[in-house]
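Number of protein chains: 2
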Amino acid sequence: MKKKIQVLIVDDHYLLRIGLANSLNVESDIACVAEARTGAEAIELYRKHMPDIVLMDLRLPDMNGIDATVKLRSEFPNAAVIILSTFDGEEDIFRSLQAGARSYVPKDISRDELLKIIRHAHDGKHTLPALIAGRLAQRMQRRELTEREHEVLRLVVEGQTNKQIAASLQIAEVTVKLHVSSILTKLGARDRTQASTMAIQRGIVHLMN
Amino acid sequence: MKKKIQVLIVDDHYLLRIGLANSLNVESDIACVAEARTGAEAIELYRKHMPDIVLMDLRLPDMNGIDATVKLRSEFPNAAVIILSTFDGEEDIFRSLQAGARSYVPKDISRDELLKIIRHAHDGKHTLPALIAGRLAQRMQRRELTEREHEVLRLVVEGQTNKQIAASLQIAEVTVKLHVSSILTKLGARDRTQASTMAIQRGIVHLMN
DNA sequence: TCAGCCCTAATACTTTCGTATAGTCCCGTG
DNA sequence: CACGGGACTATACGAAAGTATTAGGGCTGA
Chain A
1 MKKKIQVLIV DDHYLLRIGL ANSLNVESDI ACVAEARTGA EAIELYRKHM
51 PDIVLMDLRL PDMNGIDATV KLRSEFPNAA VIILSTFDGE EDIFRSLQAG
101 ARSYVPKDIS RDELLKIIRH AHDGKHTLPA LIAGRLAQRM QRRELTEREH
151 EVLRLVVEGQ TNKQIAASLQ IAEVTVKLHV SSILTKLGAR DRTQASTMAI
201 QRGIVHLMN
Chain B
1 MKKKIQVLIV DDHYLLRIGL ANSLNVESDI ACVAEARTGA EAIELYRKHM
51 PDIVLMDLRL PDMNGIDATV KLRSEFPNAA VIILSTFDGE EDIFRSLQAG
101 ARSYVPKDIS RDELLKIIRH AHDGKHTLPA LIAGRLAQRM QRRELTEREH
151 EVLRLVVEGQ TNKQIAASLQ IAEVTVKLHV SSILTKLGAR DRTQASTMAI
201 QRGIVHLMN
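So the protein lines, in turn, are chains A and B.
What the first sequence shows, in my numbering, is residues 1 to 209, in sequence order.
What the second sequence shows, in my numbering, is residues 1 to 209, in sequence order.
If you're looking for bench data, these hints aren't it; they were derived computationally from the structure.
Don't take each hint at face value.
Each pair may be met inside one copy or between any two copies, as identical chains are not told apart.
No farther apart than 27 angstroms at their CA atoms in a straight line, the calculated lysine-lysine pairs in the DSS-like style are these [as the list claims (entries may be wrong)]:
id : residue 1 : residue 2
1  : Lys48     : Lys4
2  : Lys71     : Lys48
3  : Lys4      : Lys116
4  : Lys163    : Lys186
5  : Lys177    : Lys163
6  : Lys125    : Lys71
7  : Lys48     : Lys116
8  : Lys125    : Lys48
9  : Lys48     : Lys3
10 : Lys4      : Lys71
Please build the complete structure, drawing on both the sequences and the hints.
Dropping the structure here:
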């Protein structure tokens, strides 16, 4: 008998971990070997079990699923990570794949598609659900925001005025205006309010509770 | 032997349905009797099975979980609905309970707490997780937006200017400004951009894909 | 019936936003 | 070394946004 595909599940949602573990263990060629709740725990358990596949939630208590992927792959460059997410913002997809993930799947995925993607990922292939691939294509068209523009955008989303942003970043208000203008053109937004919702929608900025 | 608490699960996420069904069926006094993927299906299956408890996702393909609850309870006023949600915006909590839900639980809830809430709901009690209760308390303090203000806010979040909103709603721009001002004071926002993100954060407005 | 709230509107004024143009400094790539 | 790009600053202007005040009409509940 062939060795099963060993999977590490990383998710802080209890219900989802059960659902995943059950779905996988039913299959004859796949087995869930460990479950982690945090990014740190994920790396620890990866060292211990050396699984073939990591199913990683995008939102984790301690760190971002993307950062966790980067950290994991810096230690284990061959780690096959599949990002699981409720969000389907283009930016999250883009960054996940940049971080070296083999795939990116929304949590409302069907059982069959998930299994297919796990098997493909195990074979070294990069498979994306059609919807996700479409989002990614959209994202590729756009020019990326610079680091500074990201900072400014974050503050814009928080509702700060240009003057407040200038104070926060220790730069002149005119400079802030310049950055905002640049952000607007890059995002294709008419004003800061639209830029703000677009940023949230696309996953460029995440609202935390 | 006592009759088990019969539960209807309403969620379009395959993984979560499995997780839930498994968690519940392990218990000796609880049984999942049916699973629905949409609001319409939920009502249909409720008629058929007459379950004791409905676990309803807030986000459904066809309609809102809150609307589904209202519809269900207009036909079956004694239906015990527990809303399940990834969001923990105050507004969603508030509206869910207004719609007659027995409880509102986030999807990252622990197994024990979920079971406790199901049993309490079955006894007719209204139990809320501490975090959720806190959010609700915040919400209760605030004055509610009027219907018109909601409409305006939705358009503000879309990034429309006052002039565009005036055109959309067939009213004068000055009137729009008045509504916006009123919204700002009620939300405690400085400007429309902040109001916009607050509205998203609190679940007053939902972004759709 | 009257008070109170909501929606509507007009006028007037201040502040902020967004764009345009022009120029300096620094850094990494070719 | 030159070139391009990013970050920064300055000045100036028109377009929105936001505030304040006043006021009429409609609906509701005491």
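We went through each hint and held it up to the structure:
Taking CA atoms no more than 27 angstroms apart as the test, lysine 48 paired with lysine 4 passes inside one copy only; the shortest distance there is 17 angstroms, against 41 angstroms between copies. Proximity of lysine 71 to lysine 48 under the C-alpha cut-off of 27 angstroms is restricted to the intra-copy arrangement: shortest distance 16 angstroms within a copy versus 51 angstroms between copies. Taking the shortest Cα distances, lysine 4 and lysine 116 sit within 27 angstroms of each other inside one copy (15 angstroms), while across copies they are farther apart (37 angstroms). For the identical chains of this complex, lysine 163 and lysine 186 are neighbours both inside a copy (22 angstroms) and across copies (24 angstroms), given an alpha-carbon limit of 27 angstroms.
Taking the shortest alpha-carbon separations for lysine 177 and lysine 163, both the intra-copy value of 9 angstroms and the inter-copy value of 23 angstroms come in at or below 27 angstroms. Proximity of lysine 125 and lysine 71 under a CA criterion of 27 angstroms is satisfied intra-copy only: 21 angstroms inside one chain copy versus 46 angstroms between copies. Taking the shortest Cα distances, lysine 48 and lysine 116 sit within 27 angstroms of each other inside one copy (26 angstroms), while across copies they are farther apart (35 angstroms). Proximity of lysine 125 to lysine 48 under the C-alpha cut-off of 27 angstroms is restricted to the intra-copy arrangement: shortest distance 25 angstroms within a copy versus 45 angstroms between copies.
Taking the shortest alpha-carbon separations for lysine 48 and lysine 3, only the intra-copy value of 18 angstroms comes in at or below 27 angstroms, while the best inter-copy value is 45 angstroms. Proximity of lysine 4 and lysine 71 under a CA criterion of 27 angstroms is satisfied intra-copy only: 26 angstroms inside one chain copy versus 47 angstroms between copies.
Going through the hint list in order, the structure satisfies each hint without exception.
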